[in-house]
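Student: Could you put the whole structure together from the sequences, leaning on the hints where they help?
Residue numbers (my numbering), protein chains in the order written: chain S, 2 to 113; chain U, 2 to 115.
Think of the hints as simulated: they come from the structure by calculation, not from any bench.
The reader is advised that the hints may include incorrect statements.
[As the list claims (entries may be wrong)] The calculated lysine to aspartate or glutamate pairs, modelled on EDC-like cross-linking and capped at a C-alpha distance of 16 angstroms, are: (1) S:K20 to S:D86; (2) S:K41 to S:E85; (3) U:K107 to S:E45; (4) U:K69 to U:D32; (5) U:K69 to U:D56; (6) U:K110 to U:D85; (7) S:K42 to U:D2; (8) S:K41 to U:D2; (9) U:K6 to U:D25; (10) U:K110 to U:E43; (11) S:K19 to S:E68; (12) U:K6 to S:E45.
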Amino acid sequence: ETGVTQTPRHLVMGMTNKKSLKCEQHLGHNAMYWYKQSAKKPLELMFVYNFKEQTENNSVPSRFSPECPNSSHLFLHLHTLQPEDSALYLCASSPTGNTEAFFGQGTRLTVV
Amino acid sequence: DQQVKQNSPSLSVQEGRISILNCDYTNSMFDYFLWYKKYPAEGPTFLISISSIKDKNEDGRFTVFLNKSAKHLSLHIVPSQPGDSAVYFCAASASGAGSYQLTFGKGTKLSVIP
Chain S
2 ETGVTQTPRH LVMGMTNKKS LKCEQHLGHN AMYWYKQSAK KPLELMFVYN FKEQTENNSV
62 PSRFSPECPN SSHLFLHLHT LQPEDSALYL CASSPTGNTE AFFGQGTRLT VV
Chain U
2 DQQVKQNSPS LSVQEGRISI LNCDYTNSMF DYFLWYKKYP AEGPTFLISI SSIKDKNEDG
62 RFTVFLNKSA KHLSLHIVPS QPGDSAVYFC AASASGAGSY QLTFGKGTKL SVIP
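Tutor: As structure tokens, this is what we get:
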């Protein structure tokens, strides 16, 4: 248990569906992140929030929409996804940007 | 273009022997390096890190070596244990103003054979 909890663990959705991924951390960290891990690719940073403010958006398509209502919660809203968006989506948090990040267990997303 | 490279997708080592996992980077702005370990169906967990002001950091069975001139780091595990079997990711960051980005390698799958 790393203190970062992601739900759901698995999600199958159609291309016309709207769904949301949830992340919660109980570590008192200031920064939260969404990463994507596709098969045979490195983890790719998608979004960074620092003190609830989005500080980085790594050219992620608008069909992915993050939301950070407070320092403990992070959401990733999904709509009209493509099959190639199927991947493991990982949430992480850290006390500052330059120290080790603590990861959740991830949501395995399949778009059909 | 990958800035952090782990050129060995997999490595098999006998229990009790040393495991050496390698990582190369291209961005000279990177000054903080981390190793993560990942079991199947779990998120990566932090293992050990090193700042560019050091060339070695040790934590129990795990030692990370950094060669800045070669832009190379390695993780040594000794003695290797079957529970060490996992995928190991190398990551790097640059301490710039407001920079929160970790750049990861593709990972090396370590199998420790009993």
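Student: Hints first: check each against the structure and report whether it holds.
Tutor: Hint check:
| no. | hint | verdict |
| --- | --- | --- |
| 1 | S:K20 to S:D86 | 13 angstroms, holds |
| 2 | S:K41 to S:E85 | 13 angstroms, holds |
| 3 | U:K107 to S:E45 | 10 angstroms, holds |
| 4 | U:K69 to U:D32 | 9 angstroms, holds |
| 5 | U:K69 to U:D56 | 8 angstroms, holds |
| 6 | U:K110 to U:D85 | 10 angstroms, holds |
| 7 | S:K42 to U:D2 | 12 angstroms, holds |
| 8 | S:K41 to U:D2 | 15 angstroms, holds |
| 9 | U:K6 to U:D25 | 5 angstroms, holds |
| 10 | U:K110 to U:E43 | 14 angstroms, holds |
| 11 | S:K19 to S:E68 | 15 angstroms, holds |
| 12 | U:K6 to S:E45 | 14 angstroms, holds |
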